[in-house]
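K.L.:
Sequence:
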Amino acid sequence: MSIREWPAEERPREKLLLRGAAVLSDAELVAVLLGSGVAGRNVLELARGLLVRFGGLRPFLEADRQAILREPGLGPVKYAQLQALLEIGRRYLDETIERTPALESPEAVRRYLKAMLRHEASEVFGCLFLDTKHRPLAFEILFRGTIDRASIYPREVVRRALLHNAAALILCHNHPSGNSEPSQDDVHMTLALKRALGLIDVRVLDHIIVGDGEPLSMVEEGWIVA
1 MSIREWPAEE RPREKLLLRG AAVLSDAELV AVLLGSGVAG RNVLELARGL
51 LVRFGGLRPF LEADRQAILR EPGLGPVKYA QLQALLEIGR RYLDETIERT
101 PALESPEAVR RYLKAMLRHE ASEVFGCLFL DTKHRPLAFE ILFRGTIDRA
151 SIYPREVVRR ALLHNAAALI LCHNHPSGNS EPSQDDVHMT LALKRALGLI
201 DVRVLDHIIV GDGEPLSMVE EGWIVA
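What the sequence shown shows, in the UniProt record's numbering, is residues 1 to 226, in sequence order.
Mixed in with the good hints, there may be bad ones.
The calculated DMTMM-like cross-link candidates involving lysine to aspartate or glutamate, where the alpha carbons are at most 20 Å apart (straight line), are [as the list claims (entries may be wrong)]:
| no. | residue 1 | residue 2 |
| --- | --- | --- |
| 1 | K194 | E140 |
| 2 | K78 | E62 |
| 3 | K114 | E14 |
Taking CB as the label site, the calculated pair distances span [claimed, not checked]:
| no. | residue 1 | residue 2 | range |
| --- | --- | --- | --- |
| 4 | L86 | G40 | 28 to 38 Å |
| 5 | R195 | A80 | 37 to 47 Å |
| 6 | A39 | E120 | 30 to 40 Å |
| 7 | Q81 | G40 | 18 to 28 Å |
| 8 | H188 | A39 | 50 to 60 Å |
| 9 | L17 | G40 | 21 to 31 Å |
| 10 | R111 | G75 | 29 to 39 Å |
| 11 | E140 | E10 | 37 to 47 Å |
Calculated directly from the structure, the hints in this document are not laboratory data. Being a predicted model, the structure only gives us computed values, none of them experimental. C-beta: ideal position from N, C-alpha, C; glycine also.
Construct all of the structure, not just a fragment, from the sequences and the given hints.
P.N.:
Rendered as structure tokens:
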């Protein structure tokens, strides 16, 4: 049965227009994005099959180009649309947090940092720079690759903090393995950065580690003291 023959309130696009995007399932959201199905499969069946094969919404959206192009009905245009969707989401969050009057919600900060880092296939290290009232000034990814004490340069972090005239900052990095537990290198590196930044009166408020599930706060877990 063609999806056009379904009742209007059951078609993903019409359902979104009638009741809002929040009521749609993951498969229905993907169906709206895809727009049309393939021979023998309507768009919702296609979307459901994709989520099953890739293991869920996030693995599907983060799949590389070759994996997407192997799927029937998905070509370079759809891949480009998926990448644009992800980048729009990241930029929206970036603008939203930069317009926030103050960081009153640690949960909001963790959600933001997770959105900015979780998609990264390799380890990256970044800083959220803050003013004297802990309002966001800028977010930057400073280092890429395997993150350890040897690959993080305190001088560069200090230089960027001075450039933004930051009074405080939140360190962050991701664990592509999904395990958010900090390593001893993470702890030593954080303490070294705290010492270096303390020399220019810039406070390190926290170090957030992004893995699967909720990001880990090294301050809340007692690994470091703010």
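K.L.:
Straight-line Cα separation of K114 and E14 no greater than 20 Å?
P.N.:
This hinted pair is violated, its Cα atoms lying about 31 Å apart.
K.L.:
Need the status of pair K78, E62: alpha-carbon distance at most 20 Å?
P.N.:
With Cα atoms ~13 Å apart, K78 and E62 stay inside 20 Å; holds.
K.L.:
Hinted pair, alpha-carbon criterion (20 Å max): K194, E140. Please report holds or violated.
P.N.:
At roughly 18 Å apart (the allowed maximum being 20 Å), E140 and K194 satisfy the hint.
K.L.:
Looking only at beta-carbon atoms, does the pair H188, A39 fall within the given range of 50 to 60 Å?
P.N.:
At 57 Å between Cβs, range holds.
K.L.:
Lying within 30 to 40 Å: is that true of the beta-carbon distance A39 to E120?
P.N.:
Given range 30 to 40 Å: holds, Cβ gap about 36 Å.
K.L.:
Quick one: are E140 and E10 within 37 to 47 Å, going by C-beta?
P.N.:
45 Å Cβ-Cβ, so the 37 to 47 Å window holds.
K.L.:
Does the Cβ pair R111, G75 satisfy 29 to 39 Å?
P.N.:
holds (33 Å)
K.L.:
For the range 28 to 38 Å, tell me whether the beta carbons of L86 and G40 fit it or not.
P.N.:
holds (29 Å)
K.L.:
So does L17 sit 21 to 31 Å from G40, Cβ to Cβ?
P.N.:
Check passed, 27 Å falls within 21 to 31 Å.
K.L.:
Quick one: are Q81 and G40 within 18 to 28 Å, going by C-beta?
P.N.:
holds (23 Å)
K.L.:
Evaluate the given range 37 to 47 Å for the C-beta pair formed by R195 and A80.
P.N.:
Once the Cβ atoms are compared, 45 Å apart, the range 37 to 47 Å for A80 and R195 holds.
Going down the numbered hints, you'll see the structure goes against just number 3.
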